[in-house]
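Listed here are the chains, written in short residue letters.
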Amino acid sequence: MEKEEFVENIVCVVDFLRLCGWFTNCCILCTGVDKIDTGTVISMAVNKPRGSSFSRNFTAASNTISQIPGLKHGPNGTMFLSSGIPDLDKILGGGFTLGSLVMVMEDPEAPHHMLLIRNFMSQGLVHNQPLLYASPAKDPRGFLGTLPSPMFSKDEKSRDRDAEQEKGLRIAWQYKKYFGEQNSEFQRDGKSEYCNDFDLRKPLERHFYSGQQIDCIRLQDSADLTTFHDRCSSFLSQTPRNDRNITCAGRIAIQSLGAPQCDFSDKECDMLSFIRSLKGTVRSSNAVAVITYPPSLVSPSFSKRLQHLADTLVSVKAIPDEDKEMAKLLTGYQDMVGLLSVHKVARINTQVPTILEATTFSMKLQKRRSLILECLNQAPIDGSSGSSYASSGSCSGSSKTGALDF
Amino acid sequence: MNVQLPNLLEDALGGGGQKGGGRVVLIEDCVETSGAFVLHHFLKRSLSPNSSDAVVFLSFSQPFSHYDRILRKMGCNLVVQRDNKRLLFFDMQMLDSVGREEEKTSEDLLLALYEKVHKAVEICLSPPRNITIIIDDVSLLEVAANCLSNIVLDFLHYCYSLTAEFGCSLITLNHEDIYSSLDKPSLLLQMEYHADVVIKAEPLSTGLATDVHGQLTVLDKGLGGCFINSGKIRNFQFRIKDNQVEYFYPGSRT
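Chains as they are written, first to last, in full-length UniProt numbering: chain A, 1 to 406; chain B, 1 to 254.
There could be a bad hint or two in this list.
[What the hints assert, rightly or not] Covered by chain A, per the in silico footprint, the following chain B stretches (three or more residues, Cβ under 8 Å): (1) 51 to 59; (2) 116 to 129; (3) 200 to 212.
[Claimed, not checked] With a Cα cut of at most 30 Å, we get these calculated DSS-like pairs of lysine-lysine: (4) B:K104 <-> A:K267; (5) B:K184 <-> A:K267; (6) A:K344 <-> B:K119.
Read the hints as simulated data drawn from the structure, not as lab findings. Built from N, CA and C at the ideal position, the CB exists for glycine as well.
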């Protein structure tokens, strides 16, 4: 590179840095450009902090917040709360946004939504957060006995995963999948306390419940929603929004709102205004509300209204056990327990929609223990079509030889 | 620097918006594609520094901080505008719970709300200027009124009368797909009938893409005194960014 050209480039850099507000006193540099010692400019530039000047500096705030487990900063001044499923957190960009309303559309024939609720609540218990659970079941307290236990033997697990990865060659026909795996590994090591893996076979140990405040509400008892609403508001008043010090984050889970067991299931408008005001209260407090509802049991317009009310909208679906055609189409069909679709990602404090790479994910139980979500992968084409490659190859080959013959 | 793209939405609305007073605009969206960004566009346009227009904002769906953050990225400080009395913001998220305590019927509730709006419009008129009334989410207004759509229609009729009386513009957002399963969605049909401009936000039929977020259909009935655009349907696609929205014709993006 010519020296003049180089100096010119440096001047451009200096101008740019000045625009960025990095140099306050670089007028000297600009006036005495031709005499400038390129070495000093470079060293000055290098000495500057390497992070982009446009990114917000969280260090001051995060010092106070990092002490609170289970919360982390998101974009646009939002906070994330873990959903209890590491993969779902990753898909949603970090977790459920604090102050958001999450709707889960149930599968009418399978209790897959319970997997989400259980992990969500278990994570809350692990982080010692106040919980509220409402259900149309006869004994809502019984739900607490079904909560999964976190897996703490993390190092061991990641080690055996590494070993798994290192053994021999592997066919890299789905690059993205492997990238994802590595990233998640990294995240899990770094933020192990933010989100746990849960062992669905092991019930949560007793000591997690002790000293916990868990409100369990039987939806069958409340003839109308006013008493329930009051309990939710008093619960949420424990965690008021105060930007200075977030002490704790609450979790509300309402299972099967609008199920026919509830007395108010025919009063769709009451439910709507309940959810609307719940949404308002949740937004003004440090909590996340997860509500599941059966779309097939309510009227379509009511269902659409709920979907509009939701900040984050997710649906779960079971898959039939032996669907041979599907099994051919998708890899790992045997391990799948269901499908999860993300329809809407919370858009708080921003107007930009989050466009996901994929919206439908397969729910799998890894080693029959922990719930993982994976992108759907089309199965490799089996024998019959494989031969078509060969035949086409031979075809072109034969035509070539034919050309040579002539 | 990228070249300033022509704002197709502004073009479709009849350019500049200087003579846009007294118009009724209805924005329709669906679960897949939110039309809230069009509201933000109108809010920013009304509060732009080279006009003195005022905005009366009824928010049923989001708190003030949400709009404040969004508009700040678009170069408009709502807190300052609120202090200047150019923006009158009514946070209606907690409306019904207040009403329930006082044992009011939802009719009284909306009457009281209209009183508020009327008063706000009169306050804004003290130096005569264009006023825009924005209602974020009529479907939630409906929920607040106990799902009695007749009352909501009455309320909207009162608001339409304000556009005639004071030359206000009325901009409302509603969700089209809520009503698609109903036999006779009188609320949506009447809102469409009364609107001078209907803007529909829809997802692409081919699914979501990272660089095209959806398409807008703008139907200008040409009742606002601007006959150039009358009855014309314009269709274009958009990409939402933090500080602006890019509009472009289908297929014109490389």
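- Query: Within the assertion that chain A covers the segment 116 to 129 of chain B, do at least three residues meet a Cβ-to-Cβ distance smaller than 8 Å?
  - Reply: violated (count 0)
- Proposed proximity, K267 of chain A with K104 of chain B (alpha carbon, max 30 Å): Status holds; Cα separation ~19 Å.
- Message: Closer than 8 Å Cβ to Cβ for three or more residues is the test here. Does the segment 51 to 59 of chain B pass it with chain A?
- Response: violated (count 0)
- Message: With the threshold set at 30 Å, check whether the alpha-carbon distance from K184 of chain B to K267 of chain A stays at or below it.
- Response: holds (20 Å)
- Message: Next pair to validate is K344 of chain A with K119 of chain B; report whether the Cα-Cα distance is within 30 Å.
- Response: With a Cα-Cα distance of about 38 Å, the restraint between K344 of chain A and K119 of chain B is violated, given a limit of 30 Å.
- Message: Verify this for me: three or more residues of the segment 200 to 212 of chain B with a beta carbon less than 8 Å from a beta carbon of chain A.
- Response: Holds: 3 residues of the segment 200 to 212 of chain B have a Cβ under 8 Å from chain A.
Taken one by one, the earlier hints fail for this structure at numbers 1, 2, 6, listed in ascending order.
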